[in-house]
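Undergrad: The chain contents come next:
Protein chains: 2
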Amino acid sequence: MHEPHDAAHETYRAALLDARLLIASGVPGVYGLSGVFEDVVERFDQYVTRVGAQFRPEVMRFPPLVSRAHYERMDHLETFPNLMGSVHTFMGTDQEHLELMRKRAVGEDWSAALRPTAVMMTPAACYPLYPTAVGVLPQEGRTVDLRSFVFRHEPSIDPTRLQIFRMHEYVRLGTPAQALGHRDDWIERGLDMLAAVALDARPVVANDPFFGRGGRVMAVMQREQSLKYELVVPITSSDAPTAVASSNYHLDHFSRTFGITTADGRDAHTACVGFGLERIALALFKAHGFDPGRWPRDVRRVLAL
Amino acid sequence: MHEPHDAAHETYRAALLDARLLIASGVPGVYGLSGVFEDVVERFDQYVTRVGAQFRPEVMRFPPLVSRAHYERMDHLETFPNLMGSVHTFMGTDQEHLELMRKRAVGEDWSAALRPTAVMMTPAACYPLYPTAVGVLPQEGRTVDLRSFVFRHEPSIDPTRLQIFRMHEYVRLGTPAQALGHRDDWIERGLDMLAAVALDARPVVANDPFFGRGGRVMAVMQREQSLKYELVVPITSSDAPTAVASSNYHLDHFSRTFGITTADGRDAHTACVGFGLERIALALFKAHGFDPGRWPRDVRRVLAL
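Chains A and B, in that order, give the protein sequences. In this text, residue positions in the first sequence follow my numbering: the first is 33, and each later residue adds one. In this text, residue positions in the second sequence follow my numbering: the first is 33, and each later residue adds one.
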């Protein structure tokens, strides 16, 4: 499929590869990062941590996996099946292994012999949290600081559309007012943070890319309820800016699934803000050039570069 | 299968969960980490970076995936098929999706409808490097600093046997002398580093857990050639200490596969040292207690805690 901004994507991608900020892996949307790129990711990540520290969040770090049993209880299989990453392995005998090797040798698909493991790639940093939060929340609710790689199977030549990337999230679990306040405050705070590193961000009501015919209805409903805001920045295009962060109100979606209640016994509401760390780095390289040593002084100060 | 040290593993695992240093995910060998645990991982990781900086390594950071096409050219499918993580997704139509949802609803296995993506979970931090290193090395060879999550499907109640964990590696590509020197120097350097944080480490000749009947022969050969050394530390048992780092000489294994040659036109040799960051943290918590604020002053100084 020819995308409208293919040429701009290809140009920026080629420049990033040429500068060796990105290292090709042979798979679209999967790259190695140079030390310079990784340093920008880490500096912005630390900036997020410093800003979020005022809320004294609990820090949790999950690997980029989520339990298959928990995944099955969420809606991802229904709403984003085409984006999932299901982890499979070989559980057979010596004899079955010989057959696997024979298939590889003659170029046949050997993957049908594999079996699903107990894990999936996680599609968001907050997915592994909810199953651990079962029960009654404290009066003041909870605020959790999460960061992990997340996987979304959407191969693209757009260097900002990665199949695997890091997301730094703050999740709020509490009353509707606590969750909604978190969502709205982080829209403003996120805009301030992006402005502080001289990125031209604005908030837009958005929808997730729900799968199939039914998905179109869900996208409309999500927009009508204004559940999802993205902070968008021009990277490869000014008329189609790229989401670098999003702030989402989940209502009682996750809480009802896993059984998370407020102190007064109602279903909790949850909300999250997520910063896409590689995308923010890509926006910074686009706006300020490929050498962070020559970025504007104020930006360098904010990032402690 | 009942392992000889099950009781000791279960005791340490329960203590870690009770202290909330580990957060259960519902899957054996997959845990969330508390902020305290993560901080120890990051501090040791930074210590590795400081020590390795003397070699002025190139820094590369790959996500925890490797191209399936590259994976197929390596030996992992032959030697460790039971440890692999193959990433699959749904590539079907709306109609096929309805059938998938029907299967989930009645508790049937829906995973057979999935198709393999272009990626695998990487089993080692250095796997994605070799395909990018194709060609002729400079006279002085190359030294590369890598860190990533790695996946190995070996569910266990032993809290030190994680299915996914971080490995900080230094890889040397060059002449046989350059590679072997790297391997041997890092055995000594690794012992010094572990001694500096008051861990009682020693080097042992080791073998990888090759699969099946053929694997037993490969394990004997690897030991006879002394290609792999592990640095082991008592964690849950003093008579069966746990490998927290390893230093390996690959001969021309990866270089012949991908075509990496020295300046004088011969097949390059490669070697790597890898520090298992979660295991080192688990060794530190075992040796010095669960509160890093009360660890010995010298250990805190080395880790900049």
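If you're looking for bench data, these hints aren't it; they were derived computationally from the structure. Just so you know, not all the hints are guaranteed correct.
All copies of an identical chain are treated as equivalent in the list; a pair is satisfied when it fits inside any one copy or across any two copies.
Straight line, CA to CA, 20 angstroms or less: simulated DMTMM-like cross-link-like pairs of lysine to aspartate or glutamate [unchecked claim]:
(1) K318 / D271
(2) K260 / D240
(3) K260 / D330
(4) K135 / E104
(5) K135 / D240
(6) K318 / D232
(7) K260 / D141
(8) K318 / D141
Undergrad: Each of the hints needs a verdict: does it hold here or not?
TA: Do the hints match the structure? See the list:
In this assembly of identical chains, K318 and D271 lie within 20 angstroms of each other by CA distance solely inside one copy; the values are 15 angstroms within and 55 angstroms between copies. Taking CA atoms no more than 20 angstroms apart as the test, K260 paired with D240 passes inside one copy only; the shortest distance there is 8 angstroms, against 48 angstroms between copies. For the homomeric pair K260 and D330, neither the shortest alpha-carbon distance inside one copy (30 angstroms) nor that between copies (49 angstroms) is at most 20 angstroms. Taking the closest pair of Cα atoms, K135 and E104 come within 20 angstroms of each other only across two copies (11 angstroms); inside a single copy the shortest separation is 31 angstroms, beyond that limit.
Taking the closest pair of Cα atoms, K135 and D240 never come within 20 angstroms of each other, the shortest separation being 39 angstroms inside a single copy and 25 angstroms across copies. Taking the closest pair of Cα atoms, K318 and D232 come within 20 angstroms of each other only inside a single copy of the chain (12 angstroms); across copies the shortest separation is 48 angstroms, beyond that limit. For the homomeric pair K260 and D141, neither the shortest alpha-carbon distance inside one copy (40 angstroms) nor that between copies (33 angstroms) is at most 20 angstroms. When the C-alpha separation of K318 and D141 is checked against a cutoff of 20 angstroms, the pair qualifies neither within a copy, at 40 angstroms, nor between copies, at 45 angstroms.
Hint compliance for this structure: hints 3, 5, 7, 8 are not met, and every other hint is.
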